[in-house]
Structure formats: structure tokens, C-alpha cells
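Visitor: Chains as they are written, first to last, in full-length UniProt numbering: chain P, 1 to 165; chain V, 1 to 165; chain S, 1 to 165; chain X, 1 to 165; chain R, 1 to 165; chain E, 1 to 165; chain B, 1 to 165; chain W, 1 to 165; chain C, 1 to 165; chain Y, 1 to 165.
Keep in mind that the hints were calculated from the coordinates and are not lab data.
Treat the numbers as computed from the prediction; the structure is a model and nothing was measured.
We put the beta carbon where it would ideally sit given N, CA and C, even for glycine.
One should not assume that every hint holds.
As the list claims (entries may be wrong) - Rough simulated footprint, nothing fancy, chain R against chain X, three-plus residues with beta-carbon under 8 angstroms:
#1 10-16
#2 24-33
#3 54-61
#4 75-81
#5 128-139
As the list claims (entries may be wrong) - Derived DEER-like restraints, expressed as beta-carbon distance ranges:
#6 B/141 - P/149: 29 to 39 angstroms
#7 S/19 - P/149: 50 to 60 angstroms
#8 C/37 - V/145: 33 to 43 angstroms
#9 E/149 - C/158: 47 to 57 angstroms
#10 C/7 - Y/40: 56 to 66 angstroms
#11 C/13 - V/145: 32 to 42 angstroms
Claimed, not checked - Below, simulated DSS-like cross-link-like pairs (lysine-lysine); rule was C-alpha separation at most 25 angstroms, straight line:
#12 Y/139 - P/143
#13 V/21 - V/76
#14 V/161 - P/161
#15 C/139 - V/161
#16 B/76 - B/161
Given next are the chains, with one letter for each unit.
There are 10 protein chains.
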Amino acid sequence: MSGRQKDELEGVTLLGNQGTKYEVEYNPGILEVFENQHPNRDYFVKFNCPEFTSLCPITGQPDFAAIYISYIPDVKMVESKSLKLYLFSFRNHGDFHEDCMNKIMNDLIELMDPRYIEVWGKFTPRGGISIDPYCNYGKTGTKFEQIADHRLMNHDLYPEKIDNR
Amino acid sequence: MSGRQKDELEGVTLLGNQGTKYEVEYNPGILEVFENQHPNRDYFVKFNCPEFTSLCPITGQPDFAAIYISYIPDVKMVESKSLKLYLFSFRNHGDFHEDCMNKIMNDLIELMDPRYIEVWGKFTPRGGISIDPYCNYGKTGTKFEQIADHRLMNHDLYPEKIDNR
Amino acid sequence: MSGRQKDELEGVTLLGNQGTKYEVEYNPGILEVFENQHPNRDYFVKFNCPEFTSLCPITGQPDFAAIYISYIPDVKMVESKSLKLYLFSFRNHGDFHEDCMNKIMNDLIELMDPRYIEVWGKFTPRGGISIDPYCNYGKTGTKFEQIADHRLMNHDLYPEKIDNR
Amino acid sequence: MSGRQKDELEGVTLLGNQGTKYEVEYNPGILEVFENQHPNRDYFVKFNCPEFTSLCPITGQPDFAAIYISYIPDVKMVESKSLKLYLFSFRNHGDFHEDCMNKIMNDLIELMDPRYIEVWGKFTPRGGISIDPYCNYGKTGTKFEQIADHRLMNHDLYPEKIDNR
Amino acid sequence: MSGRQKDELEGVTLLGNQGTKYEVEYNPGILEVFENQHPNRDYFVKFNCPEFTSLCPITGQPDFAAIYISYIPDVKMVESKSLKLYLFSFRNHGDFHEDCMNKIMNDLIELMDPRYIEVWGKFTPRGGISIDPYCNYGKTGTKFEQIADHRLMNHDLYPEKIDNR
Amino acid sequence: MSGRQKDELEGVTLLGNQGTKYEVEYNPGILEVFENQHPNRDYFVKFNCPEFTSLCPITGQPDFAAIYISYIPDVKMVESKSLKLYLFSFRNHGDFHEDCMNKIMNDLIELMDPRYIEVWGKFTPRGGISIDPYCNYGKTGTKFEQIADHRLMNHDLYPEKIDNR
Amino acid sequence: MSGRQKDELEGVTLLGNQGTKYEVEYNPGILEVFENQHPNRDYFVKFNCPEFTSLCPITGQPDFAAIYISYIPDVKMVESKSLKLYLFSFRNHGDFHEDCMNKIMNDLIELMDPRYIEVWGKFTPRGGISIDPYCNYGKTGTKFEQIADHRLMNHDLYPEKIDNR
Amino acid sequence: MSGRQKDELEGVTLLGNQGTKYEVEYNPGILEVFENQHPNRDYFVKFNCPEFTSLCPITGQPDFAAIYISYIPDVKMVESKSLKLYLFSFRNHGDFHEDCMNKIMNDLIELMDPRYIEVWGKFTPRGGISIDPYCNYGKTGTKFEQIADHRLMNHDLYPEKIDNR
Amino acid sequence: MSGRQKDELEGVTLLGNQGTKYEVEYNPGILEVFENQHPNRDYFVKFNCPEFTSLCPITGQPDFAAIYISYIPDVKMVESKSLKLYLFSFRNHGDFHEDCMNKIMNDLIELMDPRYIEVWGKFTPRGGISIDPYCNYGKTGTKFEQIADHRLMNHDLYPEKIDNR
Amino acid sequence: MSGRQKDELEGVTLLGNQGTKYEVEYNPGILEVFENQHPNRDYFVKFNCPEFTSLCPITGQPDFAAIYISYIPDVKMVESKSLKLYLFSFRNHGDFHEDCMNKIMNDLIELMDPRYIEVWGKFTPRGGISIDPYCNYGKTGTKFEQIADHRLMNHDLYPEKIDNR
Ligand SMILES: [Ca+2]
Ligand SMILES: [Ca+2]
Ligand SMILES: [Ca+2]
Ligand SMILES: [Ca+2]
Ligand SMILES: [Ca+2]
Ligand SMILES: [Ca+2]
Ligand SMILES: [Ca+2]
Ligand SMILES: [Ca+2]
Ligand SMILES: [Ca+2]
Ligand SMILES: [Ca+2]
Ligand SMILES: [Ca+2]
Ligand SMILES: [Ca+2]
Ligand SMILES: [Ca+2]
Ligand SMILES: [Ca+2]
Ligand SMILES: [Ca+2]
Ligand SMILES: [Ca+2]
């Protein structure tokens, strides 16, 4: 089979592994990386994650969200199965929606040191109101800092229609 | 449970509270804030509020709207249950659509002193015409003033399709 | 102008009337009727009413629904502006969703004595769950009783997709 | 050119005619027919007519609707350009929604003597409520009478979602 | 390669053939068949054909439609590339919409002698009105005759929303 | 406030209660009922529950589903907040999709002894395939047994389009 | 009732008035204004008007459109009921689509002297083609002139999908 | 963890197994079953399989389809991961669309001996036409034979809109 | 009838004309213009043309597309009925999709000498792939040249979802 | 037949060819070009390719994606049938999603030396997460390098809604 070879996948231990453990306490240590094969190019990778759930820090009630993560890799790239397990680890974690999104972005910056990254969470409503936090980041001292400012300035000029149904 | 702790939630009295009172006369005093844990970052929080109702100031007829509120917090952040109760307090308030949206934005600026905020109301039609006011604001003397101008200039270039059904 | 004449509209006092009063306490007395001009034919009339709001009987929190009312008239037909005012009169009324729908149908049966009627309410969620009650009725001792059974038996085999957004 | 020949189109005077006159007073005399070439087969023809407008008989305010007409022809079939002109002739006609639909069906029965016909109007809202009348008819003393009953009994078990936007 | 073998495809001359000729005059002789491998089972095959175009018999103006053909095969099945070429042969054919649909069904009955077949054309509007003819057929003296009646009786109880856009 | 009174709500302890406990181990004991005020009428109540999550019994991986529950009440009706808490209690429960749906229906039959009930779960895919179990039940020895058979026979003739995006 | 008071509504004579007259000859004199209460802020007001109809200047055939009007008010704001009556007055007016949109914008500029305004008409097709004119305007010698240029330059980069159905 | 236990999963060897082999030659031997825990109840299980691909038996060109499989289990139920691998095994299999669907249904009948089963494939177009075969089956000599007839007779009365985009 | 007068329509010979001839060989000579009444304003006119068909230059197979044409007029404006006839004249024309779009734009530039124009064709797939060419043009030596560059640079950042169904 | 002539199609050997071979091992040598007839104009060509499938490099499991390729041609243009065959050649190729998209873009740059190109892949989920890589390129030392930066900076500000169904 042509394509990326085994020895180009060092550090990837979870993908294809039988004994996968699904942690349910917040644990950024689960995250794994592999190497970017196209570091001379700026390009985007987006993860669509519609199966996110955490707990309300006040009431303990489960919250649900779809999370969209987009980033421009530098040297390291997050492996998607480890990302899945990391997001599952919020299952018993209590935090405000706004804090969860910032925390996820901080962890991925810490892990990959990406050129650019953004995280958008779209939660289901409680009491008729839903909350959608969005944060982004560009590597300090690079053009990606300006890109982050530009994308924040133009963020969500067209809010999607919401009717709670 | 990991995450934001109780002592980081001072001033939040309504969330999880049993004896919630649903006021039906306009009352901005209901609004409560908590502290932004990520003040060194510019990020957006959006509230989707499709259950807004007020009264026509001339005829007394109930009006209905979906309201979308987006802001970049500075130090204070509005707590969502108090926002819900505040919006419910328009239930017996009579005002033109345009005035309601400006009033809500003024109250939230007064409450949070945010870096940036915008409010978009999308009302149901009367006599075949519906009205959608949009206002925004950036903190005077900061880059957010320019961001507000930029977003107004690019507002709603793609009006959603409306057929009154 | 051709069409239905003024003298065929006796009893219709609210449509086109300037001093319309919007009552906010439940009042079936608002309802008005006019005469069916096609009584020798069975036909359906549907009202789409997406601006219904009432209160939770336990917490006082406002509830919101779209209500769909379909009926086959006999001699009397409900006038639509009076129906609008009647539905608005639930604005400060506290009742379970299931009870509201049954009450509306009972009032319209009392008013019009229709051959057949059905009422379907589709509410917005609270705590992640939404409730959609449906009731119907066929005039006792007529074929419409069987029609009511038939329509109940075939009710909502294809629930619409709900994701709370 | 193969297909239906000129001499099979007697009675069709409006289609392709330059001097078309657009009447704006209700006039069923505009309607024209041509001959059914497949009378030994029961089949449906549907007209989608989303550009219907008439006047409110009380207030004179314009009303708008999409009308769906379906029929099983017997000997005569209504020509579509004449149908368009007939529907346009309601432009200055004042009538209740329910009466317009019954009148259209009566005129088409008078014109074509069809085996079966149904007419469904879907109007835009006034005061937050919209009205959708539906009537149907099967030729007396034929199986189409039972078909009309069957279709009425199963009419609109799945009302489309309406939110007035 | 497993699956249907070459010798089970006698009579199929167009599929995979380089010198395909696209006729533009109505020609049912193009149609080819292959043998049904599951004759002991009643099952449906549907063709979705959204690229149909013919001419108006009066004005010569091109007409456009999506055609949906569903049938239950008996011994012979129509090969899809020959069906494509047959439908393309209406390109310069002038006929009323209702006649085109009946003609297509007649040709396919002649070709395949199917147990059941139905043809539904959905045309684009002229002058604000669009026409959707539907015809069907069940083999005489079999249960499929009753099936045809049943399907006609239940045809299109939910007309799709049309707004000419 | 008019409507259902406090003394008609005996047994409802969770709705409006501050100290709500969110159990995460399967527990049908959470469920509460209130009394049906319209027992002489057959009518439907539907719960839309798009926030269901459980665990795979083999791998421990979280599963996600939207669940639609429809029933015709007899004497008792399930209170919606208790239903929410009950469904949340599957959060750490491991079972096949098919078993979860049957278990939920069994518990609600045990709780309410309804005239009729059905439960439809629509899960997110694993490995490109998603599973949607549907079960129903009519009270033995009543017409609702036949209604259950009728609804099963007509279940899901129009599968919704799924593309895993 | 809190909100805008009667004495802040001088000049508004049509809203809530019983004897509304629906003119059917083009008449910009119908338009009324009220005073902007937030003149120190640039904000948008959009009117969705899906019930527009006029006549073809050549053939007299009725045309139908949805019109979207967005403006940034200066001192005066157009009252929505008078706008409705003004748009209804095109009912017997014959003009090309492009001319209607420019005329409406000219009349509203004359009436309100707004900071910015744009008008977009989306018509139904004739002969398979539909026409959507869009014009805009910024007050001469102000930044709104540049805003108009900017919005024209970025107009409709994503044409909506049209299939005439 | 509550729920189905390991010893109730005999015969399930693929789910959660690390060394999964993806066969690309048609192989029904991959399929595995587990035991139905609710054999006294008739209920449906549906598999949504939008990632099906096979080859054209004439040209070798890849074909793509979404397949929907619904069945009422008797004693055995097909395990979903083995179903995934089985469907993947068509990857290099050449067969007509109609034959693939019949073959899949035959294999599942052979495997599970279900009370009822149906298979619907919806393929992408070639040359502007797409093909959607549908077959079903009820166990001979049981009521499910009649259910199969009933469902075939009512199959796809509302073909989805297809425009090849 | 108010509005544009006959003497302002010189050169328009096809609109409303009875003897319309539908040419089927490419002929830009069909195109007609009328005079722009608002030459001091930059505004857009868009034509939605979903009924375009041409032939493949290699195989002769018919191709189908929706074409979107937007332009800013200078002195002359294309009359829409002549545009319809011009586009119909591609019916027997063989060309690559990319060449058709460029040719249409070239012809309209030649005809109208517009300030700005763009043409976007969206074709149906062949062999699973569809092609959508887009070209634009701004008058040389004017600001519209920069506008063309700007619009090309921002073209189609959000490709519509295509699944060939 | 007017349009592009045979001698303007040198190098195109696959289109219309009977003996098409469908390779299933990655092979960029399949790609063919033809000459751009409009080299003095910058314009876009987009290919919608919803039938892409490859293999996971770790597990061998098939992956599925829709790929959108947009480019501004210089001298050479890729012929679409050869593109189809090239994309089909990934059928047995194992690579990460991110690597496939970069590889496709590299091959097309090598083939055509385009002024600008971008490739966006949208994959189906595995374990609840889907991955959408996007890369682009502008010819070094030309304005298209800046265009590539601009388009990357503005990429996907509005992620489409994903719910894995
Ligand atoms: Ca910054
Ligand atoms: Ca929604
Ligand atoms: Ca709508
Ligand atoms: Ca009953
Ligand atoms: Ca939704
Ligand atoms: Ca709507
Ligand atoms: Ca018959
Ligand atoms: Ca439409
Ligand atoms: Ca049973
Ligand atoms: Ca989908
Ligand atoms: Ca200008
Ligand atoms: Ca459309
Ligand atoms: Ca489509
Ligand atoms: Ca240029
Ligand atoms: Ca599609
Ligand atoms: Ca989806």
C-alpha cells in the first residue's frame, strides 16, 4: 500500500489500538501528535466534533455542544483518535461553556504549537437561550497574529438561524 | 468535579436557584455578571435568544423575535440565566422594534462595559412586512471602535430568504 | 368589489376594528364565528399559529410553541382575528402543555361544533426536552368519529428532526 | 415536429397569442379547455400556482397565497395559460380565503367536469396567523367520490413547519 | 471480478460503447432491455432523470422537467444508458407535458411489459404556473392493477412547496 | 394564575426543585408521574430528546442519539423533568442501541401503563454506519394492540437522507 | 406601559388606524416618518417585504418579488405600515424590474434622507429567467458614500441557488 | 457497568478487535450475529450505510450509493461492525445496482432468518440518471409476508427531489 | 398605467411579440438592448438562468447548467426575453463548459459595454464530477477593473455542498 | 456543430474513449491537459468531486470524502475525465486525509502550472469526528501568491453545520 509509512507515524499509539480506554475525567495528557509532512505550506485542518458533552459547574446538569476546531499546523499535528478521547474526557468535567472552549484551545496550543488555531463551540439551549463561544490564536510575533485579529474582526457576521427545535 | 470553582462565581445568585421569579415588566436590574477568566484574550460569546416577546407601543399587540447577541468580554461577563430573565421582562413592555434592540445593547454596555457588542433582532411580520434592526458598539478610543465600523459596513450583505411562511 | 358581502359577515366585530384590545388573561369569550357558505361540502381549514406563549404552572417561566389547528366546519367557522386574540389571551395563563392543547380544542368545539378538529402544539425545549401534544375530535355519532380514530392511529409516523438548535 | 398537432388544439386561443389581456376582475369565462388524449387512463395533473393574490373582503388589504390544484381529467383538460389568466382575475376580488378556494374548485368542476379535483391554498399570515383551506371533489356516483373521502380523511397529517419568516 | 457476467448481458449494446449517437428526434427504438435475475420477487427500480427537455407544441419554446420513473420488473428490465438516450430524443419533440408523460409510460410498457410502472414529471413554470403530470399502470388481470389504483388514490397528498425560485 | 393547580400536581417533586441531583447510573426509579386530566380522550404526547448519551457495552466508547418518545396516556403521565433525569442516568450505562430503546419503553410501560407508546432512537455513526431502533406497544386486549401493529407495519417507509455529515 | 410614548410618535397616522385605504396606483405620498431616538449611533434597520407585486410595462402581466430594504437612519425613520401601503401602491404600476427598485430607493431617500440605504428585489421567473436588481446609496460627502461603494463591490458573491421550483 | 454482559455476546468477534481486516472481494462469510433479547416483541432496526461503493460490471467504473437496511429481528441480529466489513467487501465487486441490493438482502435473510427485511439503495448518477432499487421480504407463511406486500404497495409515493447537484 | 413608456422601449422587439422564433444554433445576433434610465448610479442586475443546455463537443451528449449573470450597466441594458432566446440558441452548440461561459460573457460585453459583468455556470455531473466555471470583467481603465480583481480574489470561498443527488 | 474543434483537443485521449481503464493504485500519470483558450483572462474553474475514496494508512479501513478543487488556469487545463480517473486511483491508496489533499494539489500544480489552485476535502467521520483539510497555492512571484494568502486568511469563517447524520 502506497502512502504514509509506519515509520512516519511514531508517537501514534491509539489509532488502530484494541485496548482503547475511554477516560471520563478531563485529561489533556491523552493527546498525541504526528509530524507535519508539508511544513513549507500554510494550510488548514478542521475537526468537526458534534459529540461533545460536559457538565454545568453549578447544577451538574449535562451540557451538549458541537465543536469546530480549525488550525494551521507548524511541525506537529494532533492525531484525531487521541483528540476524540481527549474531548470525551470532558464527560464528567464541570465548567462554563466559555471556559471549556478556552481550555481546549490552550491545551492544543500547548501540544502542537500551531501557527494558527480557532475553536468554536455551539451548545444546546437551557431556558430558551444557547451560548456559542469562539476563541482564536496566532503565533506571537508572526503574521498569524494579524490573521487571528482579522478573523476575530470578521467572525460570525451571519449568525445561523436558531429556533430551539 | 474539576473546572470553575464556587468561589469563582461570586455574584451569580440566579443560576440553580429554586425560587426564580419571572418578572414581566422591563427591569435591567435583573442582570448579573461573573468574572472573565481569559481577559488577556479577545474572544466572542454569542447568545441565541429565539424566545423574545414584547408589545407594540401603539396597538398593544404582542410582537415576537429571535435575538442574537454577540460580544467580546473585558472584565465582566453576563450570566446567562439572568440574561434570560432580563429578556423575559420585556413581556409587557411596549416599544418599537428598533428601540428594543438599542435598549438591550445599552443595558448590556452599562452592565459589562464590554470591548465589543452587537445585537440583531429578527421579528415576525405584521401586514406582510417584518423588521430586523441591528446595532453594534466598540469601546471608545480602542481598536474595537474600528471593528464596530468594519462590522457595520459589512453587515448582512446576504439577507436571508423571507417568505412569511 | 365582488365576493362575500357585508351582510354575510354578521357577528364579525373584531376584524378591521381600530380599538382592538389585547387581553392577557385566558378568555374564550373573545372568539367569534361567521357562517360557512359551503356546508354541503366537507373541507379543511388550517390555522398556522407560530406565536403562542403561555406560562409554566409550577415555575411561572414563559413557554413558547407553534400551534397547528385544522378543522372541517359544519355551520359555524371561527373568525381568524378573534382566534388570534384568543390565543394571545394565554399570555399570562399557567398550564401544562398537554392541558393547553386540550383546552384550546375544547373551546373551539364549544364555539363552532365542527365536524372534525385537531390541535397540535410544538413547544420549545426546557432542559433539553421538548413536548408536542396532539389531540383530535370527530362529532359523535358521525363518520367523523371514525376519521378522528383513523387520524390518531396514523399520527406522526415521521417525527420531524429535532436538535434543539 | 412530432407530437400533438395543431388540429388537436381546437379551442386553445390564448397560448402563444400576442394580444393577451390581463383581466383584474374575477372572470371564470377566461378558462379554456383542450381534449384529453388518454381518457382510458386515470392520471393526475397538478398545477403549482405560487403567484395568487386577492383582497380581504373587510379591509381591502391584498392577500397572497400559493395554490396547488390537482385533478384527474375526464374528457376536457384546462389549458394552463387560461388558468393563469383566470387566477390573475382574482387580483381585485375580495373574499375570505376559504371562499376563494371553494370558488376556484367550483369553476373548474363546471369547466372540465373532471373525475376528481382538489384545491389547496396556503396564504401568508396576518397578525401572526396564516390560513390554509383545502377542498376536494369526486364525481358523484363514481369511485372518485370514495377517493375524495379517502383523501380528505388523510389530508395533511404532517403540517409543514411555519414560523412566519 | 465477481457479479453479473458478460453472457448475462445479451442485448445490451449501448452501455460502455464508444460510438454513442445522441438522437434528438423522438425515437423509442433506442430502448434496450436485459433480463431480470430476480423474477420471483416483486421489487422496485426507480430512475431519477432531472435532465429532461422537450419543446412546447404551440410556441416551440423549450420545456424542462425532472422525471421520476418507478417500476416493478417482470422478465425484462430497461438498460439505463438506453433510457438516457431515449429521454434525450425528446429534445426536439413538441408535446404537452401531460402527453409526454403518458407517451414515456406507454413506450416502457411496450418495451418491458412490467408488472407495475409509474411516471411523474415536474416541469419548470411558464407565466408563474408549473405543471406536474403523474400516470401509472398495473398489469391487467393481476394484483398490480389494484396496486395502481391504490397508488393513484394516495398520490401526492403532500405537494412539495413551490415558489418559482 | 388560572390553569392546573398545585393540588393537581401531587407526586411531582423534581420540577422547579433547586437541589436536582443528576444521576449517571441507570435508574428508572427517578421517573415521576402526574394525573391525566383528559382520560376520556385518546391523544398523543411526544417527547423530543436529542441529548441522549450512553456507552458501548464492548468498547466503553460513548454513543449519542436523538430519541423520540410518543404515547397515548391512560391514567398516569410521565413528568418531563423526571424523564430528563432518567434519560441522563444512561450516561454511564453500557448497552447495545437496540437494548437501550427496548429498556426505555419497558420502564415507561411499567411506570405509566399507557394505552400506547413508541420509542425511536437515532444514533450517530461508528465506522460509517448508524443504527436507528424503533419499538412500540399497545395495551394487550385493547384496540391499541392493533394500532401498534398498524404503526409498525407503516413504520419509516421514507428513511431520512443520511450522509454522515 | 413603559417604552416610546404617544407624543414621541407625531406624524404616525396610519398605524393602528381603522379606516386604512389600500391604494393601487403608485403613490409615494403615502409614506410617513417618525423620529430616530438613537441618532448618535449608526445602526441598520431591514424590512423584509415578500409580498410585492407590479405589472409588466409591455404586456401588463403581473410580476411578483420579494424586496429587501436596509438602511442606516439619520433623523427620520420610515413607519412600517405606511411602507406597506406604499409598496401595495405598485399593484397597478407598470415598470421594468430595474426601474421599480431604483424608484423605491429614490422615494425613500427623498423621504428620510438616510445615511445609507440599499434595495434588493428578487423576482419570479418569466420564460425560465428571473431578474434580481440591487441598488444602494450613501449620503454624498460622508463616509457612507464609501460604504456604498464597498457594499456594491462585495454584493452577492454567492448567488442563491435558483431552479425555478 | 450495567447493561448487556460479555456472556451475552458470544459469536461477536469483530467489534472492538484490533486486527480488523478490510476485505475488498465480496464475502458474506464476514457477517456475524448476536442474540435478540426481545424476541417476544416485533420491532425495527435500521442501518444507515452512506459509504457503499462497488464497480460497474460492464465498464469497471466505481459506483457509489447510500444503502438503507431495515429489519424486524427474529432470533438472530446482525452485528453492525461485521455488517460494515461485509458492505466494504463489495469494493471490487462488479454488479448492476439492482443485483447488488437483491444480493445483500438474500445474504442477510440467509444469515439472520428475520421476520421482515427491506433494502433500499440510492446511487449517484451516470450520464444524468441515477438508479434506486428497493426490495423487501416477509417470512413465508407469516403475517410478515402481508406486511412486505403492504410496504411494497406503499413504497416511495413521494420520490425525493433529485437535481444531480 | 404609470411607469416606463412605449417610446422609452425602442429596440425592444421580442418582448410581448407573438411570432417568437426559438433558434437552436448559437446566435448572439438575437440579443437586444434598452436604455439605462439610472446611468448616474452604479447598481447590479442579476439574471438567474437555470434552464441552460448545450452539447459536449467530443461526444455530442447534452449538458445542463444553471447560469448566473450579474452586471453593472453603463448605457445599455440587455432585454431579458432576448437573453432567454440567446441562451436557448446554445441548444445544439458543442463546447467545453469553460468555453461556453467565456463566450457568453464576451457576447454580453460586446452587446452592452457594461461597467462590470460576471458569469457563473454550474453544470450537472458526468462520471461523478461536475464543473463550475466563473469569469468576470471590469471596464479597462476604470475602477471596475479593480472591482473585477477584488471579486475574483474573493470568489467562492464557500463552495456549496455537492453530493450528486 | 459550432464550438471547440477536434484539432483544438490534442492530448485529450480519454474523453469519449470506449476502452477506459479504471486504475485502483495511485497514478498521477493518468492526468491529461488541453489548452486554455482564454489565457488573457483570469477566471476560475471548480471541480465538485463527491465520490472520493481512499484507505486509512494505519487500519486499512476505507475513507470517503467530497473534494472541491478550484483553480485559475494559465496555459494548460486539466481534462475532467482524466481527473476522474486520477481521483479513482486513490481507491487502494493509504494516506492520512491531510496528506491526500496536499498530494492532489501537488500533482495538479505539476501537471498544469496553474496561476492559482485550492483543494478542500470533507471526509466522513470516524469515532464521531470528521476531518476537513484545505490547502491552496499561488504561483511564486506573481499576485496570485498574495491571493493565496488572502484566501487562506479568510478560509471557512462559517464552518458548515455537522451533526454526523
Ligand atoms: Ca490580539
Ligand atoms: Ca432550528
Ligand atoms: Ca420561510
Ligand atoms: Ca375515540
Ligand atoms: Ca434544528
Ligand atoms: Ca419558515
Ligand atoms: Ca384503473
Ligand atoms: Ca423553491
Ligand atoms: Ca404485535
Ligand atoms: Ca446529512
Ligand atoms: Ca458610487
Ligand atoms: Ca429552488
Ligand atoms: Ca439536490
Ligand atoms: Ca485582471
Ligand atoms: Ca445535493
Ligand atoms: Ca447533517
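Visitor: What are the numbers of the hints the structure violates, in ascending order?
Guide: 2, 3, 5, 10, 11, 15, 16
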